[in-house]
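2 protein chains.
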Amino acid sequence: MKPLILDGTVVANHVKESLKSRIEDLKNQDITPCLATVLVGDDSSSETYVRMKGNACQAIGMESRRIHLSEETTTEELLKVIQDLNNDDDVHGILLQHPVPHQIDERAAFEAISIEKDVDGVTSLGFGQTAFGFGSYPSCTPAAILKIIDYYEIDVEGKHAVVVGRSPILGKPVSMMLLNRNATVTTCHSYTENLQDILSNADIIVAAVGKPNFIKGDWVKEGAVILDAGYNKGNIGDVEYDSCFEKASAITPVPGGVGPVTISMLLKQTVDSAEKRI
Amino acid sequence: MKPLILDGTVVANHVKESLKSRIEDLKNQDITPCLATVLVGDDSSSETYVRMKGNACQAIGMESRRIHLSEETTTEELLKVIQDLNNDDDVHGILLQHPVPHQIDERAAFEAISIEKDVDGVTSLGFGQTAFGFGSYPSCTPAAILKIIDYYEIDVEGKHAVVVGRSPILGKPVSMMLLNRNATVTTCHSYTENLQDILSNADIIVAAVGKPNFIKGDWVKEGAVILDAGYNKGNIGDVEYDSCFEKASAITPVPGGVGPVTISMLLKQTVDSAEKRI
Chain A
534 MKPLILDGTV VANHVKESLK SRIEDLKNQD ITPCLATVLV GDDSSSETYV RMKGNACQAI
594 GMESRRIHLS EETTTEELLK VIQDLNNDDD VHGILLQHPV PHQIDERAAF EAISIEKDVD
654 GVTSLGFGQT AFGFGSYPSC TPAAILKIID YYEIDVEGKH AVVVGRSPIL GKPVSMMLLN
714 RNATVTTCHS YTENLQDILS NADIIVAAVG KPNFIKGDWV KEGAVILDAG YNKGNIGDVE
774 YDSCFEKASA ITPVPGGVGP VTISMLLKQT VDSAEKRI
Chain B
534 MKPLILDGTV VANHVKESLK SRIEDLKNQD ITPCLATVLV GDDSSSETYV RMKGNACQAI
594 GMESRRIHLS EETTTEELLK VIQDLNNDDD VHGILLQHPV PHQIDERAAF EAISIEKDVD
654 GVTSLGFGQT AFGFGSYPSC TPAAILKIID YYEIDVEGKH AVVVGRSPIL GKPVSMMLLN
714 RNATVTTCHS YTENLQDILS NADIIVAAVG KPNFIKGDWV KEGAVILDAG YNKGNIGDVE
774 YDSCFEKASA ITPVPGGVGP VTISMLLKQT VDSAEKRI
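Chains as they are written, first to last, in this note's numbering: chain A, 534 to 811; chain B, 534 to 811.
Just chain A, with the same shape it has in the complex (with noise of 0.2 Å):
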């Protein structure tokens, strides 16, 4: 049976269409969302996703401030920038694009952000609080598999959830995500043993591990539900989709699976925050 396909501009679109009358009521109240992207340095790559955010935040009727700053910015200058975008009444949403150059202290410039506007769900506050189940702004991404989960009706209770990856805002926040939803979770990565037995016993399959093509579909169980949350080059996912479409019960495409829902959620989660205004 062929699985059905998780797609993500379906769920981002229907994201936004539940946006536009908030943020018309918004502006009738004279508050528009505004989402400030920070780029720092001249990465083509981030470039484009800054670009795609504010576009994103136009098309649906937000403000977006861009702000680019040199590839030779110092720790120093970024945080008095983001300081400046938290003490500013007209910004609703900070986005540090990563990565910065490695001259900056990439965690501090995170932690700078306010935790009323950590809208991409970036800081330890931010993190700390989804994992206790009561924070306002999870990373953006793994907000985005769980729209997903919940718009295709997904089971999760009980189920084994396997997290290939560990990152703050991908692999962390996820897990604890779905361990909130009364999944039993397995986080692992590049240390961990013996992946592909752990990937056979999988329900459902985060990939969240940075490397294209990398889980094949010998490794995954029959009827296994498949979250590809990676972006490589060329727009492939971690997940090897063909062989992976013939055993799974529920995949994402990539692009159109997990990459359009996370800019709504990030586009959503601005406008959470801008009701907070009122």
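According to the in silico footprint, chain A covers these stretches of chain B (three or more CB under 8 Å from chain A): (1) 648–659; (2) 663–669; (3) 680–693; (4) 699–712; (5) 720–727.
Some, not all, of what chain A presents toward chain B, calculated at C-beta under 8 Å: (6) PHE660; (7) GLN662; (8) ALA664; (9) PHE665; (10) PHE667; (11) GLY691; (12) THR717; (13) THR719; (14) THR720; (15) ILE731.
Here are the simulated SDA-like cross-link-like pairs (lysine to any residue), alpha carbons at most 25 Å apart as the crow flies: (16) A:LYS780 with A:GLY691; (17) B:LYS809 with A:ALA645; (18) B:LYS754 with A:ASN734; (19) A:LYS780 with B:GLU726; (20) A:LYS809 with B:GLU644.
Since the hints were made in silico from the structure, they are not lab data. For glycine and all other residues, C-beta sits at the position ideal for the given N, C-alpha and C.
Chain A is fixed; fit chain B onto it per the hints.
Showing chain B alone in chain A's frame:
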């Protein structure tokens, strides 16, 4: 072959021994490390725990300030007490004994503890920092488990660790700490299906489920390392000791395992905090 007994008393004494000269040095600078314990209500086990912690402070030359509030305390009253302790320069650590009476918003009370004094590791910020690998004060029981692992030089990297339990002060943080040590980590809980299957593949088991004698020897792999963080009435762990003893390569007893090390970590983290005052 008989398993290695992971003797918590030995580890706790080792930790406490290392604190003596540090406390001496602090006193020479007119700083006596001080832990404030806050107990709300009349739960007799809680009273015992708090007394043990206070006594442990005093035995090692630290100060313990014991605050006992009535069963009828409101959230607001408790928050005020915590705020006063946050502002008190003579207090280096604050421990709010769990559980508090039902009318109190326990999470709000925990969150009110300033990160500088959260030596018991209960705040969402402290948890997030620990999970991201840069926290000062992890939750004490997880810290104790890692200390036992280090003391007995148990190999964690690449191993499959199964944590049974997902509480904010135990299952979740110990999962993140083991993950940061490059273990593959599975977190299980009451909704987990096929727990026995999962345990049968575990190289390391952390029992944090709160059910006496819950984990049976039949369920565990020959040679597993078993760390029992359970505290149940009558000094009974979560692990059925005799049957697990037959299978394990290393095992913590109850009592005399994780418990005493937990208290020593609380003392250590209070001393750490006092040293930051210099």
